[in-house]
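Participant: Below, each chain spelled out in residue letters.
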Amino acid sequence: MSKAGSPAWHSACFLCVQEDIGCLVMLREWALRREREQATPVGACTTPQRHSDPSVRDPMIQFESVTLAYGRGESAVQALDKTSIKIGEGDFVALVGPSGCGKSTILKLIGGLISATTGYVFVAGREIGAEDVRIGMAFQNPTLLPWLTVRQNVMLPLKIVQPFRADWTRKRKTDYRDRAEALLAQVGLSGFGDKHPWQLSGGMQQRASLCRALIHDPTLLLLDEPFGALDQFTREELWAVLQELWLTRKPTVILVTHDLRESAFLANRIVVMSARPGRVIEDETVPFERPRTIAMTYDAGFVALNQRLRSLIVEVRAGNEVSLGAAA
Amino acid sequence: MMAKLRQKAASIALIFGFFVFWELACLVLGVSDIILPRPSQVFYTLFERWPAIMPHAAQTLYTTLVGFAVGVAIGVFLGALVGSSKIAYDTAYPLLVGFSSTPKIAVVPIFVLWFGAGTVPAILTSIAISIFPVVVNVATGLATTEPELEVVLRPLNAKKLDILWNVGLPRAMPYFFASLKVAVTLAFVGTVLAETVASNRGIGNMMMIASSTFNVPLVFAGLFILATLGICLYVGFSLAEKHFTGWANRKSEIVTV
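Protein chains in written order, with the working numbering: chain A, 1 to 328; chain B, 1001 to 1257.
Any given hint could be a false lead.
[As the list claims (entries may be wrong)] A few chain B residues that don't get close to chain A, going by computed Cβ distances all over 10 Å:
1. A1025
2. G1030
3. A1069
4. D1162
[Said to hold, decoys possible] When the alpha-carbon atoms are kept at most 20 Å apart in a straight line, the in silico EDC-like pairs for lysine to aspartate or glutamate are as follows:
5. B/K1160 <-> B/E1150
6. A/K171 <-> A/D217
7. B/K1160 <-> A/D132
8. B/K1242 <-> A/D132
9. B/K1159 <-> A/D132
If you're looking for bench data, these hints aren't it; they were derived computationally from the structure. Even glycine gets a Cβ: it sits at the ideal position worked out from N, Cα and C.
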C-alpha cells in the first residue's frame, strides 16, 4: 500500500468536498480499492502489516475537524467542537476529561453509531463502514442480551462478523464454544457460561461484555469505561489481561476512562479533552516501559504524570481555557 | 409449592363443581333437555355419536390450524415490516385498526362469494381474524426494542436483517407468544363462524344442523368439543411461551452466586 500518497489524496478531497460529495465518495472508494488491489498480490492476506514504530503507520483513526451536536436548533447540545485526532494503527490511546466532554461521542463516531454533524471521520482510511476493520466495542453498561446465555452472548460477534460468520453453523458447538470459554476463564468467569446475564452481578456482566468485545479478535477495540463498575482488585486484574492482549495481538485500542491511573497504566498516549464542547487540549505520551506492573503505578514518575493530568482536568472542569495542548 | 398445588386442586374442584351444579339444577328444576341438556346427556351423546362427530371435529381443527398458521406467518411478516421503523409504524397503524375493527362475520359472505362454500372461506376467515393480534404485538415488540441492545451489533457492521434476527425478533418473542394465545382462540371463532354460515362440514355446521332438528345435546356436545380444542391449543402455546420466553418472566429467580 502506498502510504505516502494517501494523506495528500485526502486533503485534495477536502478541498473539493463542497462541490460534489456523492461523486467524491465514489471516487475515493474506487481509488482506495485500486490502491489496495495494486498493493496486495492476489490471494494474499489483506490484514495490514504491523510496524513497531508508530510514526510510519497509516492512521487507523483520523478525525478532521469533527463537530457533533445532539439535537437541532436552540436545544442542540454541542458535544464535540472541531476535533482533530489521529491514532496510529496498533496504538493504545486513552481518552480522559471531565464528564460530558464528548469522550464517548468519539467512540460512537468511530463505531459508526452516530455520524458527524460536520467534518470527517476516517477509519482505516475510509469513511465509516470499512468492511475489513473488525471493531470490538464494550460499553459503559454491559448490554448483554437477556434471552441468551452468557456464553451465547460472548459468541454473538462470531455469528455476525466475517470470516467467523461463514463457519458459524459448523464451529459454534466446538471451536467457538471453547474460544468463548477460554475468554470467560481469563476474566474469572469460568463455569458461568450457561447462566443467563441477569443471574450475574453487575461486575460479572461487565466482564462478560468485555469478552464479547474481544472474541472476534478485533483490530480496533473501542472501550467505553469498561472497568467502571468493577472493584479495584478486579479492575487491576483486567488491566493486566488487557495489556497482555494488546502486547500479543497489537490491536488499536481506544479507551475512554475516568480513572487516570488506569489510563497511565494501559495507554501509550493519553488524550485530554476539554469540557463541553469537547476539544483536545493535551496529548501526552506515556513513557513507561512494558509490560507494566501494578507496582509501577506507585512510582514517582507515574504518580507525577497522574497529578499533572489531574490538575489539567480540574482546571478545565472549572472552565479555565487551557491552550497549551492545542498548540503543541 | 404447596400453595400452587392447592390452587390447582381448587381449579379442578371448581370445574367439577360447575358441572355437578348444572346437572343438579337441571334435575331439580326439571329443565327440558330441548332447552338445556344435562352434562351427563351431553357426555353420553358425545360418546354415542363420536364416530359421526369425529370427522367434523377433525375438519374444524384442520381448518383452524391451517388458518392460524398462515395468519401467524403473515402477521409476523407484516409486524416485522411495520415495527421496523417508527414511520412505518405510525403510517400503517390506522389502516390496521380499520381492518381489525371490521367485524369478521361481515366478510364471510364475501369469501363465500369469491371461493364458494366449504373449507376455503373457513380458512380465510380464521386467517383474517388471527392476523391482527400478531401484527400489533410483533410490531410493538420490535418498536419498543431498547436501542442499547441494537447498538451492540452496529459496530460489527451488522446488516439490518442481522439486527432484526438477533435482537429485534428475540426481543419481540414475549409479545409474540402473548398474541399467539389470543390468535389461536380467535382462529376458532373465525372457523366456526364460517362453517356456520357456509359449509357442509365442521363443528359449526354440525351444530347448525343439530339445532335445526332440536338435537340440543348434540349442539352442546359440539360446544364442548370446541371448548376442549381451544383449551388444548391455549395450553400448548402457554407451555411453548414458558419455554421460549422464560427470560422475560424472571421476577423471583435472581440467583446469588
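Participant: Determine for every hint whether it applies to the structure shown.
Facilitator: Now the hints, each set against the structure:
no.: 1; hint: A1025; in the structure: 49 Å, holds
no.: 2; hint: G1030; in the structure: 58 Å, holds
no.: 3; hint: A1069; in the structure: 24 Å, holds
no.: 4; hint: D1162; in the structure: 6 Å, violated
no.: 5; hint: B/K1160 <-> B/E1150; in the structure: 10 Å, holds
no.: 6; hint: A/K171 <-> A/D217; in the structure: 16 Å, holds
no.: 7; hint: B/K1160 <-> A/D132; in the structure: 19 Å, holds
no.: 8; hint: B/K1242 <-> A/D132; in the structure: 41 Å, violated
no.: 9; hint: B/K1159 <-> A/D132; in the structure: 15 Å, holds
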